[in-house]
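Undergrad: Use these hints to put chain B onto chain A, whose structure you have.
What follows is each chain in one-letter form.
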Amino acid sequence: MAKIIREHIHTLLEKGMRQDKRGLLEFRKDISVEYGISPKSAEGSARVRIGETEVVAGIKMAIAEPYPDQKDRGTIMVGVELSPFANNSFESGPPSTESIELARVVDRGIRESGAMDFRKLCIKEGEKVWQVFIDIYPINDAGNLRDASSLAALAALKDAKFPEYDKKTFEIDYKKLTSKNISLEDEPIEVTVIKIKDDYLVDPSVEEEEWLDARLTVAFLKDGDICAMQKGGNGMLSTEDINKMIDIAQDKVIVLRKAL
Amino acid sequence: MGELFFEERNIVVPGDKLAMGMDYLPAGGAFRDGECIRSKVLGILGINGRVLKVIPLKSQYRPRPNDMVIGKITDMTNSVWFAKIDSFRDGVLTVREVPEYIGDGDDLSQYYNFGDYVLAKVLNVNSTNAGLTMKGPGLRKLSGGRIIEVNSAKVPRVIGKAGSMISAIKEKTGCRVIVGQNGLVWIQGEPEHEFVAVEAIKLINEKGHLQGLTELVSEFIDKKMKNVSKKETEEKPKVEEKQVTQEKKSDKDDEEEQPKRRAVGRKASKKVAKRSKK
Numbered sequence: 001m002a003k004i005i006r007e008h009i010h011t012l013l014e015k016g017m018r019q020d021k022r023g024l025l026e027f028r029k030d031i032s033v034e035y036g037i038s039p040k041s042a043e044g045s046a047r048v049r050i051g052e053t054e055v056v057a058g059i060k061m062a063i064a065e066p067y068p069d070q071k072d073r074g075t076i077m078v079g080v081e082l083s084p085f086a087n088n089s090f091e092s093g094p095p096s097t098e099s100i101e102l103a104r105v106v107d108r109g110i111r112e113s114g115a116m117d118f119r120k121l122c123i124k125e126g127e128k129v130w131q132v133f134i135d136i137y138p139i140n141d142a143g144n145l146r147d148a149s150s151l152a153a154l155a156a157l158k159d160a161k162f163p164e165y166d167k168k169t170f171e172i173d174y175k176k177l178t179s180k181n182i183s184l185e186d187e188p189i190e191v192t193v194i195k196i197k198d199d200y201l202v203d204p205s206v207e208e209e210e211w212l213d214a215r216l217t218v219a220f221l222k223d224g225d226i227c228a229m230q231k232g233g234n235g236m237l238s239t240e241d242i243n244k245m246i247d248i249a250q251d252k253v254i255v256l257r258k259a260l
Numbered sequence: 261m262g263e264l265f266f267e268e269r270n271i272v273v274p275g276d277k278l279a280m281g282m283d284y285l286p287a288g289g290a291f292r293d294g295e296c297i298r299s300k301v302l303g304i305l306g307i308n309g310r311v312l313k314v315i316p317l318k319s320q321y322r323p324r325p326n327d328m329v330i331g332k333i334t335d336m337t338n339s340v341w342f343a344k345i346d347s348f349r350d351g352v353l354t355v356r357e358v359p360e361y362i363g364d365g366d367d368l369s370q371y372y373n374f375g376d377y378v379l380a381k382v383l384n385v386n387s388t389n390a391g392l393t394m395k396g397p398g399l400r401k402l403s404g405g406r407i408i409e410v411n412s413a414k415v416p417r418v419i420g421k422a423g424s425m426i427s428a429i430k431e432k433t434g435c436r437v438i439v440g441q442n443g444l445v446w447i448q449g450e451p452e453h454e455f456v457a458v459e460a461i462k463l464i465n466e467k468g469h470l471q472g473l474t475e476l477v478s479e480f481i482d483k484k485m486k487n488v489s490k491k492e493t494e495e496k497p498k499v500e501e502k503q504v505t506q507e508k509k510s511d512k513d514d515e516e517e518q519p520k521r522r523a524v525g526r527k528a529s530k531k532v533a534k535r536s537k538k
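Protein chains in written order, with the working numbering: chain A, 1 to 260; chain B, 261 to 538.
In isolation and in its complexed conformation, chain A is listed as follows:
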């Protein structure tokens, strides 16, 4: 909450510059995705780095009873843990508002894209379905956890393999993974565009995130269709703002898709 940092961001923005010399609509250069970083303990895993930001995602699968209104569908659950080692402003303990929001935004991106066919996760209608847990752990927060988390979740889903399941004893052998993937029909990726004063920025740093007026996270499918959105921050966005921000995000999603 330091005033001089806000002033510094504003004075630089007036000249069209950012604190780390990047352009306003420029992602950090080193974006990488690593698959299968934890093959022993998770059914699927991935690590995403955007600059110094690092996020690890893991997929665990369990068998559960379906919801009574969706008897033939499996479920997914997204959890984000913002632990203090990622950023010292995070606190351990019960999930914070930010971590819940982040988890829900990632969840929505995947759910609403229709990329996963939940009917395929059904084992026996009304009794047993696969439950897919997507756990996201930011290792280092150097800004833009949103985009990194959504990318990590998608990469981990792509990496995931079903564990061996014994239909007679109803037991899962997590040590043996089958070759069956979770079939993904699309690849939803989220891009966040923030607004500070009258400027739009992508891939914000921690300081910029702290002082943003408003942000818009947009999830895109492979063909560029929008499947989910989330607005944050205290500032207002006009229709014109939103249209512009969507266009910027649509432009930038290519950068993230390339890393996949």
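One or more of the hints may lead you astray.
[Stated by the list, open to error] Subject to a maximum C-alpha distance of 27 Å in a straight line, what follows is the list of computed DSSO-like cross-link-like pairs (lysine-lysine):
| # | chain 1 | residue 1 | chain 2 | residue 2 |
| --- | --- | --- | --- | --- |
| 1 | B | LYS467 | A | LYS29 |
| 2 | B | LYS421 | B | LYS490 |
| 3 | A | LYS3 | B | LYS486 |
| 4 | A | LYS29 | B | LYS486 |
| 5 | A | LYS29 | B | LYS490 |
| 6 | A | LYS3 | B | LYS381 |
| 7 | A | LYS3 | B | LYS344 |
| 8 | B | LYS462 | A | LYS21 |
| 9 | B | LYS462 | A | LYS3 |
| 10 | A | LYS161 | A | LYS258 |
| 11 | B | LYS421 | B | LYS313 |
| 12 | A | LYS3 | B | LYS401 |
| 13 | A | LYS168 | A | LYS71 |
| 14 | A | LYS15 | B | LYS484 |
| 15 | B | LYS467 | A | LYS15 |
| 16 | A | LYS21 | B | LYS421 |
| 17 | A | LYS21 | B | LYS467 |
| 18 | A | LYS3 | B | LYS395 |
| 19 | A | LYS29 | A | LYS167 |
| 20 | A | LYS128 | A | LYS60 |
| 21 | A | LYS15 | B | LYS313 |
| 22 | A | LYS197 | A | LYS120 |
Just so you know, these hints were derived from the structure itself, not from any lab.
Just so it is clear, the structure is predicted and the values come from calculations on it, not from any experiment.
TA: Structure of chain B alone, referenced to chain A:
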């Protein structure tokens, strides 16, 4: 005579046997373990006659009296401000230790508010706190500029022998720089120059353990500043030309596929043009 296992300026890790025998003496970063002397930290070995010391590569800041530190106000009561000084000890600034007159029942946030950065001096240190004072030449609330962090073990490198490094950075970039002993550095100057100073200090933070650092850094700054001054002296029409070509390019790309994006591209570049006119 004892035996020495390392040479001067070697990198040693905790537990490394540095020397054998009772003639050698441990200093900072080293300790005696029976017959031998071992390293306590990851760092560089310094040998001064019979005295062995290890200069750590990274360390936590430990406040000491008379240190100049940069702190961030994080809390206040009705007579005390608390400042984060990137240490396990919090900085405590009482109303008695500020130059301003503070009346009874005054709102302290009108003097130093949450999130303000202050340049203060450490008065005294106890087990939980470090007492700060704002009374002294140059001590003040910082306004403008930006703050970057370096490891507190690298602060002596940033300052240099008798301030040689820091004055070289100031002179060459024309920025105002204040280095707090706790590893916070305040920089203020022209944006382009500021970037050079920030990069130079980050370079010191990374390569502070190397020899010939001063030359390395001043070469680095000279190179960067040349680019900056080149940019500044470049005629403005040239810059605009570049933008125009960029605009054309993006228009071409867009026409083929996404007509929606074109509109934004144009508006965005118009904005840039407006900016450069200013």
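Undergrad: Now, for every hint given, state plainly whether the structure supports it.
TA: A quick look at each hint next to the structure:
1. B:LYS467 - A:LYS29: Holds - the C-alpha atoms of LYS29 of chain A and LYS467 of chain B are around 23 Å apart, at most 27 Å.
2. B:LYS421 - B:LYS490: 31 Å, violated
3. A:LYS3 - B:LYS486: Violated - the C-alpha atoms of LYS486 of chain B and LYS3 of chain A are around 32 Å apart, more than 27 Å.
4. A:LYS29 - B:LYS486: Since the Cα atoms of LYS29 of chain A and LYS486 of chain B sit roughly 25 Å apart, the hinted pair holds (cutoff 27 Å).
5. A:LYS29 - B:LYS490: Status holds; Cα separation ~25 Å.
6. A:LYS3 - B:LYS381: Status holds; Cα separation ~22 Å.
7. A:LYS3 - B:LYS344: 15 Å, holds
8. B:LYS462 - A:LYS21: Satisfied, since the Cα-Cα distance of roughly 14 Å is no more than 27 Å.
9. B:LYS462 - A:LYS3: 23 Å, holds
10. A:LYS161 - A:LYS258: Roughly 23 Å between the alpha carbons, so the hint for LYS161 of chain A and LYS258 of chain A holds.
11. B:LYS421 - B:LYS313: 19 Å, holds
12. A:LYS3 - B:LYS401: 12 Å, holds
13. A:LYS168 - A:LYS71: The given pair, whose Cα atoms are some 21 Å apart, holds under the 27 Å limit.
14. A:LYS15 - B:LYS484: Between LYS15 of chain A and LYS484 of chain B the Cα gap is close to 20 Å, so the pair holds against 27 Å.
15. B:LYS467 - A:LYS15: 31 Å, violated
16. A:LYS21 - B:LYS421: Not OK: LYS21 of chain A and LYS421 of chain B at ~30 Å, beyond 27 Å, violated.
17. A:LYS21 - B:LYS467: 21 Å, holds
18. A:LYS3 - B:LYS395: Holds. LYS3 of chain A to LYS395 of chain B sits at ~23 Å (cutoff 27 Å).
19. A:LYS29 - A:LYS167: Between LYS29 of chain A and LYS167 of chain A the Cα gap is close to 48 Å, so the pair fails against 27 Å, i.e. violated.
20. A:LYS128 - A:LYS60: 16 Å, holds
21. A:LYS15 - B:LYS313: 49 Å, violated
22. A:LYS197 - A:LYS120: Distance ~46 Å between LYS197 of chain A and LYS120 of chain A Cα, so the pair is violated.
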